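*Asks:* Below, each chain spelled out in residue letters.
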Amino acid sequence: MPTVGVKRDLLFKALGRSYTDEEFDELCFQFGLELDEITSEKELISKEQNDSKAAGASDVILYKIDVPANRYDLLCLEGLVRGLQVFKNKLEAPRYVRVSPVSGQPQKLIITKETAAVRPYAVAAVLRDITFTQERYDSFIELQEKLHQNICRKRSIVAIGTHDLDTTSGPFTYTAKPPSEICFQPLNQTKEFTATELMSLYRTDSHLKHYLHIIEDKPVYPVIYDSNGIVLSMPPIINGDHTKISLKTKNVFIECTATDLTKAKVVLDTLVTMFSQYSSQPNLKHVFISSSPHSESTETVAQLLTRMCLLSKLTGVGDQIEVEIPPTRSDIIHACDIVEDAAIAYGFNNITRTTPRSYTVATQFPLNKLTELLRQDVAAAGFTEVLTFALCSKEDVGDKLGKKISETGAAHISNPKTAEFQVARTTLLPGLLKTIAANKKMPLPLKLFEISDVVLKDKSKGVYVGARNSRRFCAVYYNKSPGFEVIHGLMDRTMQLLGVKPLRGEGYHIQAAEDSIFFPGRCAEIFVDGKSVGRLGVLHPNVVTRFELTMPCSALEMDIEPFL
Amino acid sequence: MSPIALLLGLEKAEDGVDSLELSSSLGVEHQVVVGAVKSLQSVGEVISAEQRSSKHWQLTEEGVEISELGSHEARVFECIPVEGLLQSELMKLPFGKIGFTKAMSNKWIRVDKTSEGGPLIFRSVQTIVDQVREKLLNVLNGKDAELEEKEKSELKKRRLLSEVTVKSYWITKGSSFSTTITKQETELTPEMIVSGNWKDNKFKPYNFEAMGVPLDCGHLHPLMKVRTQFRQIFLEMGFTEMPTNNFIESSFWNFDSLFQPQQHPARDQHDTFFLSDPALTLDFPQDYLQRVKKVHTEGGFGSQGYKYEWKVEEAQKNILRTHTTAVSARMLYKLAQQEKFTPVKYFSIDRVFRNETLDATHLAEFHQIEGVVADYDLTLGDLMGVLHQFFTKLGITKLRFKPAYNPYTEPSMEVFSYHEGTQSQC
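Chains A and B supply the protein sequences, listed in that same order.
The first sequence: position 382 = 382 (the UniProt record's numbering), numbered continuously.
The second sequence: position 77 = 77 (the UniProt record's numbering), numbered continuously.
One chain only, chain A, in its complex shape (with noise of 0.2 Å):
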């Protein structure tokens, strides 16, 4: 969820009133904010570096407010201001709607082909005659920066250049270029630089090195000028040190330039009705409810969209109502959006609870049946139950367990963060003997199960994915002598509760096998009506030395899911 960063008092001058912060705090509760943070720029300070570098920070009390993700109106306090006084009925709803100059024409921004290389899409818009203070400098420049973090994918898809319009003239051109045949003077620099010498100079910009990558390997680079030549902006990287902006700009010239249209119109409408007192693009949609949404009558639902900023009217056909979407919500895209707004009005915790009326009857997963009365068995017999993470590094299936890894059939992740998530284990054995590393200091002996899945590749036909679980159950012996009786017990005991007979053929048996997972002699595999299901014995002292064990362990470990 992104957070919007505001000054409290500010935010309740605006308001109109103050309030306390548990007060605050429910209003946002009921419109679908969260109060995360109450504190200071010295307090930020403080935390983040330390007390003495905080010591000359503003105390100003700050409100960090959680806004849902897909509502890009609530990003500044100009938004926030205006949603929650429209809910609150402090304010009308404010309509949106285009303004033509007073004298002249339109702006106009050209888009050449050449753009269609790097960046194709760019829209503009003018917002006139405006006043600025510090404190919405501030929030204009700020909103910018959250869009960018947001919606823009860090200036990837949509960048914003924001210029006063008084220092150039139109129309403008956006057009890309190869990179030496781009000059300017780039915002607060006091020379020219070319294209490729800015993406040097930007190399060691703390905030700007991060934007680089967007354009620097492509043959040419988008750029913006204007009537007279002079450089707008090269997006997405800096603006042009002309055009900058300062307290003083009456008229602002908006650039978005995107490699996504939709996202593009949206960040523009952001600025725009932000910012506006009286001037916005027009973009009004309109959409009819077939019904009310719940028991309210027509006209009070009316009522409560208008108090999420949808002016709504009834059509007076019916009970159909129509609802106008501003542009500052470009989170609206379906019915269901407009009904969710209508009951965020009227509260959900107003909502009559009721219960589904029709009947259904449960049925338990066979596999997850089976598991859990087998789990409480195997507990009853003196074992406990650990539980253990699904991925694990290459070794612990592999070398550690004397095997080689491309043998196992193990899934592997391609972006894992540590070692330890590498693969998807293929079996549980590595997960129970780390545990007992972690566990050393507990008593003996130490006796350990776990019933869960692990991850095989599986390229037969109707496993679509190419890999499924497998259900397994395993145990270890950890003491001072190995226990293979024991474990042998356990698995007796197992199939017991299985009710599996210990017969040749229609029941099960064991017998010698090889593996280096256990002692040469002390290895057996478990066939049930003729099929291998599973092996136990004791572990290898390589093994046990490789998890970092030193006395002598036994192990079970079979396959559940055949016993369905």
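Just so you know, nobody snuck in bad clues.
Selected chain A positions facing chain B (Cβ under 8 Å, derived; list incomplete):
| no. | residue |
| --- | --- |
| 1 | D260 |
| 2 | H334 |
| 3 | T355 |
| 4 | E372 |
| 5 | N415 |
| 6 | F421 |
Source of the hints: derived by calculation from the structure; they are not laboratory data.
Here the structure is a predicted model, which means the values were calculated and not measured.
From the three backbone atoms N, C-alpha and C, an ideal C-beta is built for every residue, glycine too.
Starting from the structure of chain A, add chain B where the hints point.
*Replies:* Chain B alone, transformed into the frame defined by chain A:
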């Protein structure tokens, strides 16, 4: 000394006896009496002994020597003949040094430094009284009260006297006092039961203050116990369990079929585990795939969609599922293939994976609980009602719902519960 002697001694006393007195009257060491007390204590309520401590003045080893032989200064006096003694000779004697200084300060002797052959010591008085020895003898005979505090501390400074704490017992008759001791049995044995001679035996009392023997039993994992409990609640409410035994899922079922756009941050490399092997799923129900593509790109079924270019290559990528909703999506698709629709309630509790950095509150693997109800005319009130019933079965009745955002649910909410006992919200 046998415990019997102690019992006999106690029998004669009116209230009780002090162990120190008893030891002196019986002529045995105090420790022996203490030993007898201890062994009697283990035999039941024959005696009761109360610990006491008292302070005693005792002679040190040196003090004992002086009480026998006399103080150093007195011995010095004794050994000086009429004609005097060479100081050098005197110093050779063991008591010489200290005795000389003391005798000089008591003015019992004098030194003639002028004589030939070295300083000569003469008696300066006829007789002396060896007060130090007398005082020590007093203490030895138990008359230490006759000494003033000042005198005692002076002797203590000369290390002739020391103050010791003596622990003694005040012994009185117990509730089952007798002058004979019977041996106590610890446990019933089969022989006693069969022969019946348990009736004649006295049994040692149990110590009920101690803990019992810790049993060697197995245990179930706490998280799994919680899962069992939740599973039970779902079954009681008529929810059927979904088959969730597939950790690996395609992006199509995990994200796309749930209307999560392809550029959504949750599908990033640093939030989701992607598989290098097996890397792709190629087999999908094609007509369904086309409908999913259309809704993402252009919209449909009343929606405007996201309006971006949907790529099938993204959907084919295999991942470790980030939520069990991927399974719910498959189940709903299957339900839709049925000839006739039947209302259903599904649930699952199983493992999901997120590519997070581990810290105190975040793991890369955790368990998720999922419930789905599908029917005609279901309402938001029904959802809240079901949640309310679920939590009531856990003993939580206070619930509040808050608007939230989820790509695949609308309306979306977060549930907050309030626990009376701890007064905390979660």
